[in-house]
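Model the full structure from these sequences, guided by the hints.
Chains as they are written, first to last, in my numbering: chain A, 1258 to 1561; chain B, 1258 to 1561; chain C, 1258 to 1561.
Careful, some of the hints might be misleading.
The list makes no distinction among identical chains, and a pair is therefore deemed to hold if it is satisfied within one copy or across any two copies.
[To be verified] Computed list of lysine-lysine pairs in DSS-like fashion (alpha-carbon distance at most 27 Å, straight line):
| id | residue 1 | residue 2 |
| --- | --- | --- |
| 1 | 1348 | 1557 |
| 2 | 1478 | 1501 |
| 3 | 1519 | 1534 |
| 4 | 1348 | 1519 |
| 5 | 1524 | 1542 |
| 6 | 1348 | 1501 |
| 7 | 1501 | 1547 |
| 8 | 1547 | 1348 |
| 9 | 1501 | 1524 |
| 10 | 1348 | 1496 |
| 11 | 1542 | 1519 |
| 12 | 1542 | 1348 |
| 13 | 1375 | 1519 |
| 14 | 1478 | 1547 |
| 15 | 1519 | 1501 |
| 16 | 1534 | 1361 |
| 17 | 1496 | 1542 |
| 18 | 1547 | 1557 |
| 19 | 1547 | 1375 |
| 20 | 1496 | 1375 |
Honestly, the hints are just simulated from the structure, not real lab data.
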Amino acid sequence: MALRAALRNKCVLSGLLSQRSSSCSSHGRVCASPVLAAQRRNNSTSPKIDVEFDQSTGVAVMRLQSPPVNSLSLEFLTELCIGVEKLEMDKSCRGLIITSSQPKVFSAGLDITEMYGKSPERCGEFWRAVQEMWLKLYGSNMITIAAINGSSPAGGCLMSLTCDYRIMADNPRYSIGLNETQLGIVAPFWFMDTMKNTLGHRTTEVALQLGLLYNPSEALKIGLVDQLVPEDQILTTAKQTMTKWLAIPDHARAITKSMMRKPTIDKLASNRDADIKHFVNFITKDSIQKSLGMYMEMLKKRRG
Amino acid sequence: MALRAALRNKCVLSGLLSQRSSSCSSHGRVCASPVLAAQRRNNSTSPKIDVEFDQSTGVAVMRLQSPPVNSLSLEFLTELCIGVEKLEMDKSCRGLIITSSQPKVFSAGLDITEMYGKSPERCGEFWRAVQEMWLKLYGSNMITIAAINGSSPAGGCLMSLTCDYRIMADNPRYSIGLNETQLGIVAPFWFMDTMKNTLGHRTTEVALQLGLLYNPSEALKIGLVDQLVPEDQILTTAKQTMTKWLAIPDHARAITKSMMRKPTIDKLASNRDADIKHFVNFITKDSIQKSLGMYMEMLKKRRG
Amino acid sequence: MALRAALRNKCVLSGLLSQRSSSCSSHGRVCASPVLAAQRRNNSTSPKIDVEFDQSTGVAVMRLQSPPVNSLSLEFLTELCIGVEKLEMDKSCRGLIITSSQPKVFSAGLDITEMYGKSPERCGEFWRAVQEMWLKLYGSNMITIAAINGSSPAGGCLMSLTCDYRIMADNPRYSIGLNETQLGIVAPFWFMDTMKNTLGHRTTEVALQLGLLYNPSEALKIGLVDQLVPEDQILTTAKQTMTKWLAIPDHARAITKSMMRKPTIDKLASNRDADIKHFVNFITKDSIQKSLGMYMEMLKKRRG
Chain A
1258 MALRAALRNK CVLSGLLSQR SSSCSSHGRV CASPVLAAQR RNNSTSPKID
1308 VEFDQSTGVA VMRLQSPPVN SLSLEFLTEL CIGVEKLEMD KSCRGLIITS
1358 SQPKVFSAGL DITEMYGKSP ERCGEFWRAV QEMWLKLYGS NMITIAAING
1408 SSPAGGCLMS LTCDYRIMAD NPRYSIGLNE TQLGIVAPFW FMDTMKNTLG
1458 HRTTEVALQL GLLYNPSEAL KIGLVDQLVP EDQILTTAKQ TMTKWLAIPD
1508 HARAITKSMM RKPTIDKLAS NRDADIKHFV NFITKDSIQK SLGMYMEMLK
1558 KRRG
Chain B
1258 MALRAALRNK CVLSGLLSQR SSSCSSHGRV CASPVLAAQR RNNSTSPKID
1308 VEFDQSTGVA VMRLQSPPVN SLSLEFLTEL CIGVEKLEMD KSCRGLIITS
1358 SQPKVFSAGL DITEMYGKSP ERCGEFWRAV QEMWLKLYGS NMITIAAING
1408 SSPAGGCLMS LTCDYRIMAD NPRYSIGLNE TQLGIVAPFW FMDTMKNTLG
1458 HRTTEVALQL GLLYNPSEAL KIGLVDQLVP EDQILTTAKQ TMTKWLAIPD
1508 HARAITKSMM RKPTIDKLAS NRDADIKHFV NFITKDSIQK SLGMYMEMLK
1558 KRRG
Chain C
1258 MALRAALRNK CVLSGLLSQR SSSCSSHGRV CASPVLAAQR RNNSTSPKID
1308 VEFDQSTGVA VMRLQSPPVN SLSLEFLTEL CIGVEKLEMD KSCRGLIITS
1358 SQPKVFSAGL DITEMYGKSP ERCGEFWRAV QEMWLKLYGS NMITIAAING
1408 SSPAGGCLMS LTCDYRIMAD NPRYSIGLNE TQLGIVAPFW FMDTMKNTLG
1458 HRTTEVALQL GLLYNPSEAL KIGLVDQLVP EDQILTTAKQ TMTKWLAIPD
1508 HARAITKSMM RKPTIDKLAS NRDADIKHFV NFITKDSIQK SLGMYMEMLK
1558 KRRG
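Next up, the structure:
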C-alpha cells in the first residue's frame, strides 16, 4: 500500500495495458535513449522510470523515480511494463537491475488512490496493470536483480520477489515484507505463490498471516533477500553479481528459469479475468472503501 | 499410538461424527461454561477436554485431560471436535491455545484399543473422528497455538502440526514426531502433507521414513516447533504470542490462512471415504491385528 | 556430462532397456555372485559395476568402476539398471550403498560420446536408459545410500539425489551439483523435480540457473548432502547409517518412501516418450552437435 495521499498531474490513460503493450511491440529494439523516449511519451509529466542501458555490458539499470515513495500507480506500472518489455525485446539486453532513486524507499507498494473512489472499470484496469507487472518481471528471460536500497513493503516486496536475486541495503531502518493483513486486506494467490517459491510453505504461512515486515538481517535469515551490503555499495555489488550470472549461456539459463516458474505463472495467466473480477468486487465494497478512506485521512493528518 | 492399554468407563457412542456435528451446530454460541456443558453431555464419566474461555481476551485455553496420556480415543476425539466446533461458531472466540493437563505428555497419539479387535464399522467410525479432528483444527479460522508441555508422538504431533504456532517445553526428556514407521505402520497422506507444509519435502522424507522423534532442541532446529521455553512459562508465552496474532484483523488473517491450507484440506475432504476404507482394510488385516495384540501385551507386561 | 572423449571396446547393445528389464526379471533372485554374472553377460569387456552383497546384513555395496570417470554410457547404465533390478527383486537385500572405485570421482555424469554423431534412434535408446536409471533408483524399495567419494557433477549428482541419504568425502577439491547450464544445456524437468524435493524451490532455482557446483561444505549447508566424513571413513559411515535405517520395518518405510516420491515419479513415468522425443530433437540439432564437438575437441587437446 502506498503512503501517498494523492497523485498529482496524472495524465489520462485510456485502454487496456495489453493494448498498449501490443502497440508498443512495433517499437522493436529499445532506443538508444529510453529516458528521452519516456519523456516524449509522457510530455505532461516527468518520467517515473529511468532506464540506463549499457550496450557494452548488456545490462540495464532501471531506477524507480516516482516521488515521494515510488507508489505503484497505474501510470507508474504502465511506464514500468513498457520499459521492461522494450528491454525484453532488445536481444542485446541480457540483464536488468532494478533500484530506487528515492531516498529510504524502494517502493511503498500499490497506490491507494488507485483503489479509492474509483469506478469498477478503472479499478479493473489498475489491477490488470499490477498483474502485468508481475507477469513481465517474474516471466522475464533477462537476469533480474533487485538492488533494494530502501523499504519495500507489499507491492514493493512483490516486485523484489520477481527478481532472480535480491541485494538489500544493510540499514536496520529499512523493512521488507508482504504486510497486507496488517491493513486488513489479503495478498492475492500469486503474491502468495511467489513468496512460497522463495521462502517455502511454513515461513510464508506465518509471514502472510501476520503481515510481517522484516528488517534486513531477518530478511536475510529467512531467505527473503540473498545478500546485505552497505547502502553505498549496493549498485556496485548488483553489477558484480550480474557479471557472475552473465557468464552462463543465456538460452540454457532462461529455459531453466522458465521451467521453474511456469506453473506459477500459468496459474495467474489462465485466471486473469477471474482474479480481476475478484479484486474489483472486494475493493469496491462499502466497508473496504470506508477503511481506505479512513486510512488516507490518517495519512493526511500525520503529514499535516 | 497411545501407550494406554485400555479405555475405562467408555460410554457407547453411536452414529457418525458428522451427524453429531450437525446436530451440535444448533447449539449456536458457545455456552458460558463449556466445562459444565461437557460434563452434562458425558455424565457417566469426567470430561476429557477442559475448555476455559476468556471473553475479555477472546482466547480459549483447551486442556487435554484424559489420563494417563491423552490418547486419542473415539470418545476423546468426539469431545475435542465438539469443543473446537463450539468455539469456532462463537464469533467472540478468536484464538485457541491447546495444552495438556497430564504430566509429561501432550498427547500420546491414537488410542490403540480403538484399532484392536474392533469391527470394521467401529474402526471406520474411529478413523472418521481422526479425520474430523484434523479437518477442524487445520481448517480453523481461529488463531491456534499448541503449548506442547510434554511428549507428543504420532497423532499428538499431528495435532500440534495443525496449529498456527508451536511452543514446546524445553525439557530434553520430551520428544515430538511422526514415529509411525517405528511401529510398522504408515502415516497417512494427510499427516504427510501437514508435515511437508511445515518442514519441507526433504526433512519430511527422512523424518517419516525413520519415524524420527525429536527432542525439543532438534525439533526447533528443523522447524517442527517454533519456540522453546521453560515448562513453567509455556502458557504465559502462548498467551503473549496470541496477543501478537490478535493484533491482525481476523478476517484478512483467516482468509490468508485458508488460502495457504485449502489445497491440503481439499485433498482429504474429497477423499474421506476412500481414506477410511483404506485404513479399515489395513488395520483389520490379521497380520496387523496380531502385531497390535503383541504390542499391547508388551505394554501390559512392562507395567505389570 | 562425462569428461571421457571416447568409449573403447563398446559392445553392441540392441533393443530397448525396458525389453531387457523384462527378460531380466526371469532371473528371479539375485545370484550369489552378481559380479561373475555381469562378467558372463558382457564377456567382451570388464564389468562396469561391481556388486558385493552381504547376506548376513542384507546390504549390497555397488561400486562404479568404469574408468576413468564412471561416465554414464548406455552400456554403463544398462549394467547399473540390471544390477539394481536384481537386488530389488531379492527380498533378502534391504539396503544398497552406491560408491565409486575410481579415484577422485563418483561419476562425471552422462557420457557425451553417447550424444555426439549418433542416430536419433540411438540417442533415444540412450535417453531411455538415463530415465530407467532414475526411475529404478528414485523408486527403489531398498534403503539407498550414496557414499560420494569424489566429484559428482550433472548426472552423477542426479544419481546421488535419488538416494535416501548422501554422505560425501570432506575433500574441498570435490564438487557436486547440476551444472548443465554451464555447458549450455538444460537439466530436464525430472532432474529439476528431484533437486526441488531435496533443496526446495528457491535454492534449486539459483543452483540450476547458474549451474552451480558446490564443494562439500557448501553442499552440506544447503542440504545437497546430509553428512561429511573423512574420505577413508566414508564406507564405514555409510554402513553405520544403514544399520540405523535397517532398524525400521521395511514394509512401512518403503510405503512411506513411495508415497513421498510417487507424484514426482509418475510425472516422468507418464511422459517418457515425450521426454525422449524432446531430448532427441534437442541433442540432434546442428548447433548442439557443433557445441558438443567443440567441447570434445577441447577435452582432447587438454589431455594431449
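Looking at the structure, which of the earlier hints fail to hold? 1, 9, 13, 14, 16, 17, 20
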